[in-house]
Amino acid sequence: MSDAVLVTTKVNGDVVEYACPTDEVLLDSLRDRVGLTGVKEGCGTGDCGACSVTIDGQLVCACLVLGVEADGREIGTVEGMAEEGELHPLQQKFIEHAALQCGICTPGFLVAAKALLDKNPKPSENEIRYALAGNLCRCTGYDKIIRAVQDAAKDMRKSRKR
Amino acid sequence: MAHDNSYTGQKFEVVGNRFLRPDGVDKVTGRARYGADANAPGQLVGLVLRSPHAHAIIKKIDTSRAEKMPGVKAVITSEDLPDLTGGDAGMAQTLENCMARGRAMYDGHAVAAVAAVDRQTAKKALQAIKVTYKKLPHVTDVDEAMKPNAPVLHPWLFTAGVDPKPEKPSNVISRTQMGHGDPEAGFAEADVIVEKSYKTEQTHQGYIEPHACLASVTPDGQAELWVTTQGPFTYRSVCATLLGLDIAKLKVTSSEIGGGFGGKTHVWVEPLALALSRKANRPVKLVMTRDEVFRATGPTASTSIDVKIGAKKNGTITGATLELRYQGGAFVGMPWAQLACMTGFACYDIKNQRSVGWDVVVNRPKVAAYRAPSAPMAAYAVESTLDMVAEEIGMDPVNLRLKNVAKEGAQAPYGPIYGPIGIEAALKAVKKHPHMKAKLKKGQGRGVACGFWFNIGGQTCVDLNIGTDGTVNLAVGTVDVGGARASMGMIAAEELGISYDDIKVVVADTASLGHNDTTEGSRGTFSSGMATIFAARDAINVLKERAAKMLDVPVEDIAWEKGEAKAVGKRYSNLPKLSLKEIARKSPNTGGPIAGHNEVVADGAGMGFAAHIVDVEVDEETGLSKILRYTVVQDAGKAIHPDYVEGQMQGAAVQGIGWALNEEYVYGKDGRLENPGFLDYRIPVASDLPFIDTKILEIPNPNHPYGIRGVGETSIVPPLGAIGNAIANATGVRMTHAPMSPVRVLDALDEAAGMDQKVSAG
Amino acid sequence: MQVSLNGALRAGANGAESIEIEAATIRELLTKLVERYPDMQDHMDRGIAVAIDGVIYRDDWTQKIPAGAEVFLMPRIEGG
Numbered sequence: 089m090s091d092a093v094l095v096t097t098k099v100n101g102d103v104v105e106y107a108c109p110t111d112e113v114l115l116d117s118l119r120d121r122v123g124l125t126g127v128k129e130g131c132g133t134g135d136c137g138a139c140s141v142t143i144d145g146q147l148v149c150a151c152l153v154l155g156v157e158a159d160g161r162e163i164g165t166v167e168g169m170a171e172e173g174e175l176h177p178l179q180q181k182f183i184e185h186a187a188l189q190c191g192i193c194t195p196g197f198l199v200a201a202k203a204l205l206d207k208n209p210k211p212s213e214n215e216i217r218y219a220l221a222g223n224l225c226r227c228t229g230y231d232k233i234i235r236a237v238q239d240a241a242k243d244m245r246k247s248r249k250r
Numbered sequence: 022m023a024h025d026n027s028y029t030g031q032k033f034e035v036v037g038n039r040f041l042r043p044d045g046v047d048k049v050t051g052r053a054r055y056g057a058d059a060n061a062p063g064q065l066v067g068l069v070l071r072s073p074h075a076h077a078i079i080k081k082i083d084t085s086r087a088e089k090m091p092g093v094k095a096v097i098t099s100e101d102l103p104d105l106t107g108g109d110a111g112m113a114q115t116l117e118n119c120m121a122r123g124r125a126m127y128d129g130h131a132v133a134a135v136a137a138v139d140r141q142t143a144k145k146a147l148q149a150i151k152v153t154y155k156k157l158p159h160v161t162d163v164d165e166a167m168k169p170n171a172p173v174l175h176p177w178l179f180t181a182g183v184d185p186k187p188e189k190p191s192n193v194i195s196r197t198q199m200g201h202g203d204p205e206a207g208f209a210e211a212d213v214i215v216e217k218s219y220k221t222e223q224t225h226q227g228y229i230e231p232h233a234c235l236a237s238v239t240p241d242g243q244a245e246l247w248v249t250t251q252g253p254f255t256y257r258s259v260c261a262t263l264l265g266l267d268i269a270k271l272k273v274t275s276s277e278i279g280g281g282f283g284g285k286t287h288v289w290v291e292p293l294a295l296a297l298s299r300k301a302n303r304p305v306k307l308v309m310t311r312d313e314v315f316r317a318t319g320p321t322a323s324t325s326i327d328v329k330i331g332a333k334k335n336g337t338i339t340g341a342t343l344e345l346r347y348q349g350g351a352f353v354g355m356p357w358a359q360l361a362c363m364t365g366f367a368c369y370d371i372k373n374q375r376s377v378g379w380d381v382v383v384n385r386p387k388v389a390a391y392r393a394p395s396a397p398m399a400a401y402a403v404e405s406t407l408d409m410v411a412e413e414i415g416m417d418p419v420n421l422r423l424k425n426v427a428k429e430g431a432q433a434p435y436g437p438i439y440g441p442i443g444i445e446a447a448l449k450a451v452k453k454h455p456h457m458k459a460k461l462k463k464g465q466g467r468g469v470a471c472g473f474w475f476n477i478g479g480q481t482c483v484d485l486n487i488g489t490d491g492t493v494n495l496a497v498g499t500v501d502v503g504g505a506r507a508s509m510g511m512i513a514a515e516e517l518g519i520s521y522d523d524i525k526v527v528v529a530d531t532a533s534l535g536h537n538d539t540t541e542g543s544r545g546t547f548s549s550g551m552a553t554i555f556a557a558r559d560a561i562n563v564l565k566e567r568a569a570k571m572l573d574v575p576v577e578d579i580a581w582e583k584g585e586a587k588a589v590g591k592r593y594s595n596l597p598k599l600s601l602k603e604i605a606r607k608s609p610n611t612g613g614p615i616a617g618h619n620e621v622v623a624d625g626a627g628m629g630f631a632a633h634i635v636d637v638e639v640d641e642e643t644g645l646s647k648i649l650r651y652t653v654v655q656d657a658g659k660a661i662h663p664d665y666v667e668g669q670m671q672g673a674a675v676q677g678i679g680w681a682l683n684e685e686y687v688y689g690k691d692g693r694l695e696n697p698g699f700l701d702y703r704i705p706v707a708s709d710l711p712f713i714d715t716k717i718l719e720i721p722n723p724n725h726p727y728g729i730r731g732v733g734e735t736s737i738v739p740p741l742g743a744i745g746n747a748i749a750n751a752t753g754v755r756m757t758h759a760p761m762s763p764v765r766v767l768d769a770l771d772e773a774a775g776m777d778q779k780v781s782a783g
Numbered sequence: 003m004q005v006s007l008n009g010a011l012r013a014g015a016n017g018a019e020s021i022e023i024e025a026a027t028i029r030e031l032l033t034k035l036v037e038r039y040p041d042m043q044d045h046m047d048r049g050i051a052v053a054i055d056g057v058i059y060r061d062d063w064t065q066k067i068p069a070g071a072e073v074f075l076m077p078r079i080e081g082g
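Protein chains in written order, with our numbering: chain A, 89 to 250; chain B, 22 to 783; chain C, 3 to 82.
Watch out, some of these pointers could steer you wrong.
The calculated lysine to any residue pairs, modelled on SDA-like cross-linking and capped at a C-alpha distance of 25 Å, are [stated by the list, open to error]: (1) A:242 <-> B:706; (2) B:372 <-> B:313; (3) B:428 <-> C:71.
Derived Cβ-Cβ restraints for the label pairs, each shown as a range [claimed, not checked]: (4) A:246 <-> B:39: 18 to 28 Å; (5) B:177 <-> C:24: 36 to 46 Å; (6) B:463 <-> A:221: 21 to 31 Å; (7) C:37 <-> B:177: 26 to 36 Å.
Don't read these hints as lab results, they were simulated from the structure. Each residue gets a CB set at the ideal place from its N, CA and C atoms; glycine is no exception.
Go ahead and model the full structure; you've got the sequences and the hints to work with.
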């Protein structure tokens, strides 16, 4: 690590520091230096969405961002979705709808679906399908994933009204 | 103790419900650990150098510069993997596929590997390895490879199954023929005969998790391998053989698996990781890139197929033949065309039929099983041709299929007679389905197709241990690829008569449980389900013995009902029932731990059949086919957990849709793979698809206590034919080359239009 | 009893479509088969399954073969 740079960032609300080479992608920094292996590598080229995270609320593929770019920003990963021991409604609905089989794509789908629902609490089926088109799943045929997101969105709207 | 595996028609309390999977929370919170998620103290990063040539002699590998680089701890070539296969030809081919031995056989073939302190150093070391190649002529197309002037891949390969035996080597591994009756006599009786040739391109299983492992070999000959695999016991025996390790001293732990579909039934980089670890004397983590996954692992065969079907005007098929040419990559592996011979006509009762298979080698990666291996391509050809026959005789295509459908007692293409099977019921369900009556607009079409896959059983072993609080650990040895832990827990709960929540199911490592065959062939729920039933019954016998001791009655007088032991008989009317929990609590004083075990060869797997309906809209300007509606009907025997059965049906159908419309390996003239990434090898995404409707049929398998049939694979078989039929229905044009991608559909539409013009001009 | 051979196995038995073998179990059947047709060993190494009245046995060689059963030898298959 001859060219390492010190990075100070916030991950899932906690301040984190790590040193990484300037050519290292955020995916590797999060997995290997911060220990967040819920961020998955499926392709390394931004085609599969398994490494979906948010940077300052913006959905990105962590394999297309450099580790040093996290400096001074806020990163959100699947590990930060459950709050105070309670699963996020999306997480709960993914389990209830059997929206995962192998589960390798699940963290990316959850982060991407949360990013969608944060912006659009009442997406149509098509809006969900297009918002999640950057996330590949090879097991489910997407059927139960779409249903889980629809159901979670419905529950989240209800709890907001309350 | 032998157990009776006959179907009993038992009524279920737990089975058939939709419980939450035990690994769900870990998987939605990022805690689940997959192949690349484990680390060991002092671990190194392993990387593999791969051939850029389709076929080349490796004249020299100079590793000296790489070896001297600071931070590089080991560099290996084939010299570090001496041939210990002892004359086992299949194992020798596996070894050579893992690392080239003097000759690179395909673009992506491993040539050398390094282990270094970090990724940057390992990458630099790969670049410092100098390989001198001498390029050889190559061939990547199955039809080209069979021609007499094709470059021959293996000088020792003489075609088996042809008479007289060939005097010259060729790329044809073998010719296989099967069938029954006299097809030529059948054709003579036919009113119409349709002949057509098809091609299907090579596809990849496309699991999202690349192959990954963490290997650790110590100087005293002990080793551990953490790995994403469908078969930890198979990986153990193969790796032990290739590395010269004792089987018991190599502990393989299967990580959570991020998809396999057959591609993780074979070893690829795992022996290299072990060899690197042995040489460096440190743990080595080796994770493939997506590019490596495409270039060097698991694709299915590309094929070229001729079909001929003859029928009477009333729809009776009088004769049928199939000629199947399958390339299996650069090595002799499974006989893929032979498998296709066994499946092509399996849905139909055809008195006069013959299937001839040609297995061929080409300069492509070694083919691996992909979900119902070999069956989808043959079904594409057969199901497409059947629709053409239906059109010729003016019969509804579903009725034509029903007229010839295979029933109990019919002879299968591979020889034996069928027991009770579900394809007639599936076709009848298709006929009645509201989907068949839905209106279609201009440019839209509907297609139906059938599919078959065997399903297998195999060696299986489970342990069931009851804790003193009455909760239960169930250790299975079949890897959970899609929710099986939930199903196994439900089966154990059903048998013991306790709550599903009181059971924790784990997938055991190879040091903790007896051998289990790989999770393949749709065997997981069938075979581990069977072993779980028997292990639970074994534990119940122990529980009864303990209850007898606690109640001071003979064990013969104890019955087990709904999770409780009860002394049967009037004289015992004052004795309490003892729950599993009560017996477990007292177990330290009644004889120690309570457990049930089962080791079984789960033979008698039921045949899996499915019929699919699809509506497609073809954009005649772009050639793009959009799936509008899709329905899967499949016989599951008994759906233990319906969610995960539906999941298999939906997932398999969508893999078939990808194959039908997009997915293909594209090789350049230079023999190199041009699209080794998910951008250019495009698998279906959410916006490509509608919901996939499912209808589960339950026609019990007579050879399983619960009637279970395997469900994992069958539904990848019908989509290619169904979609081809739907495109023909929409456009009037018959597609004979899969994937039926926009460019191929456009070309076919143009060609048809051109022919029409010619006809009208004439 | 009559034992039918799948086309893929016939080369090992001099091309015979079916053969007469008396055997009470799969093990006995396969043992006698290789004794009579040594070329069958190659097919055995690659894997043979036995279908008895349509039920495919890939592994359990202790399986009994009932009198009058339809017996079919075929390649042992795997899957994805």
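query: Which of the listed hints are broken here?
result: 2
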